[in-house]
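Starting from the known structure of chain A, arrange chain B on it as the hints suggest.
Number of protein chains: 2
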Amino acid sequence: MKKTTTRLADGRELLYYDSRDDAVRDAVDRRPLDPVATSAELRRDPLLGDTVAVASHRQGRIYHPPADECPLCPSRDGRLSEIPAADYDVVVFENRFPSLAGDAGRCEVVCFTSDHDASFADLSPEQVRLVLGAWTDRTAELSQLPGVEQVFCFENRGKEIGVTLGHPHGQIYAYPFVTPRTELMLRSLAAHRERTGGGNLFDDVLAGERADGRRIVLKGEHWTAFVPFAAHWPYEVHLYPNRRVPDLLGLDEDARTEFPHVYLELLRRFDRIFGEGEPRTPYIAGWHQAPFGAADRRDFALHLELFTVRRTSGKLKFLAGSESGMSVFINDVPPETAAQRLREVASQ
Amino acid sequence: MKKTTTRLADGRELLYYDSRDDAVRDAVDRRPLDPVATSAELRRDPLLGDTVAVASHRQGRIYHPPADECPLCPSRDGRLSEIPAADYDVVVFENRFPSLAGDAGRCEVVCFTSDHDASFADLSPEQVRLVLGAWTDRTAELSQLPGVEQVFCFENRGKEIGVTLGHPHGQIYAYPFVTPRTELMLRSLAAHRERTGGGNLFDDVLAGERADGRRIVLKGEHWTAFVPFAAHWPYEVHLYPNRRVPDLLGLDEDARTEFPHVYLELLRRFDRIFGEGEPRTPYIAGWHQAPFGAADRRDFALHLELFTVRRTSGKLKFLAGSESGMSVFINDVPPETAAQRLREVASQ
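In order, the protein sequences belong to chains A and B.
Each residue of the first sequence is one higher than the one before, counting from 4 in our numbering.
Each residue of the second sequence is one higher than the one before, counting from 4 in our numbering.
Hints were generated in silico from the structure; no laboratory data involved.
Check each hint, because a few of them may be wrong.
[What the hints assert, rightly or not] Sample of chain B residues facing chain A (criterion: CB under 7 Å; computed from the structure):
hint, residue
1, Leu11
2, Asp48
3, Ala58
4, Arg99
5, Thr182
6, Pro183
7, Arg184
8, Met188
9, Ser191
10, Val208
11, His235
12, Gly289
13, Gly324
14, Ser327
15, Ile333
Every residue gets a Cβ at the ideal spot worked out from N, C-alpha and C, and that includes glycine.
Excised from the complex, chain A in its bound form:
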């Protein structure tokens, strides 16, 4: 993998990740861009104790452009996009409409492929390996930025969950604080260690699921995927490396080599859950990594959480009164049923 770091016309960073070590990346961004004016502001909620990012400049962001105006396609045929090169493998650049910016963190966009019509599930294992390399590199680099506490690499897929650009891409948020969800995990981890005299919660959950088997979706040599016992979403899968590591940097060569095969198989199964004739399954997929400053970060277990908001053919799960008002999730699909379905639709 070769990395080339460049700048866009407005000063934002853009990085090429190439599979060929002789790739030359010298294309210049010729667009007349004004410097980015961001106003991301973090506000603490006095009742809930969490932090909200207020980002008013985002209202002007690009919304479902036609395919021939896609800002994530390469620049060619006289049309200039966010990527100056005429083609690329994987690129990462700072978001022009960031939710987090300046002292308040950083937001990046990851283009998984230059092929506008592809989906992550269509990538080759080699391409996925390159994306994994980019995620790992970004985690390492962003950890060095002052104030960044946690890096979240994720993909939103599907207009059903608000994706406004069809080109296959993900995002990376570098938060300047430990997120509420990770704080809950760290608290459970500490309580479990206390209660069990040194046990590791992540290890025990993974071992429990492997022993029980009812919610196992897929077992690789180095990875295990299961539907969690108390899944919040209709179809939700957690993917863990069998050897616990705190973040993407900790993955060894064996786990890296197997990951593309395991993850592509999971995504293909997601697209088959609801049968033929249904549009591709919308999903959110994200890497949970240890915060950089956590005292017990070695106890944290890197894992990927993948879930869909579709609950049955043509119907979505909405976060209404109970979920959005009281943070209590109602799940209409029993986790054992979801796991069974995800085993039924395995590739032959």
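This is chain B only, laid out in the frame that chain A set:
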């Protein structure tokens, strides 16, 4: 207000709340209903520590029926609905497809009016007063059920947030535990009391907003509405009685009398935020009340939280990677801007 308690054919409870004290409610449910078979199960998430209600029977619930098959209209013209009477003021009944049931709590439906085409904002102040009476009575009654810790009266309005029945109605969830959101509030309340040597967080937030003024939406004699400093949603309003009470039962006559006028005005303004020609604003509205068993329940402040998922004309706020994956909200509308807009669209 007259209350009449009856049973539906499958044994579920149905209650009429009438404004006329001489209302006679003796209609019998003549439908051949099977007993309700529910399988609501509560599962604790070991990593997040929260409780998920797994309710598989709900997948079969009624989904966008045509208006002439509405189960919430009165029974008339030979068609039998969930309400045996030929007309009603306000009715409450146990949900046939509950998320919580048996030992795991209870779910009720509240029909605000027999007028299928109305919206809550179309009700008269007298009708709203009756709904307030029903909410208060249900809170009192459900508090007596074994195991119920907390009662949440709320309304989901709009197909944009997944409402499948157009008839104006709300829901009541009786949770057998303290919800995560309320737990956070109780924790902040205790921390603030400690930090300030006895101060009340709710009182201080309300006094702060009234003194600052920038986020005030409406001031009644007995109620104050404001956009919170760290609003999570594009347009979000919190409505507090000026005299703090822990739950609906604590409201005095003056507050009860003024509430319908204040709340109807807020809902009308919500419908005007995005201007003419836009469909009525989807929203979630819910009453936050003190849990029955909380040691410091007297310190809790009853309030209503009202918010919309619409962020601008024709566009919704989705809970994607950051919100659903990490519980970090991004809000594109600054709270001061939202409050200003909600003042601009006041009724003349």
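Hint-by-hint comparison with the structure:
| no. | hint | verdict |
| --- | --- | --- |
| 1 | Leu11 | 22 Å, violated |
| 2 | Asp48 | 4 Å, holds |
| 3 | Ala58 | 6 Å, holds |
| 4 | Arg99 | 15 Å, violated |
| 5 | Thr182 | 4 Å, holds |
| 6 | Pro183 | 4 Å, holds |
| 7 | Arg184 | 4 Å, holds |
| 8 | Met188 | 5 Å, holds |
| 9 | Ser191 | 5 Å, holds |
| 10 | Val208 | 6 Å, holds |
| 11 | His235 | 6 Å, holds |
| 12 | Gly289 | 4 Å, holds |
| 13 | Gly324 | 4 Å, holds |
| 14 | Ser327 | 6 Å, holds |
| 15 | Ile333 | 4 Å, holds |
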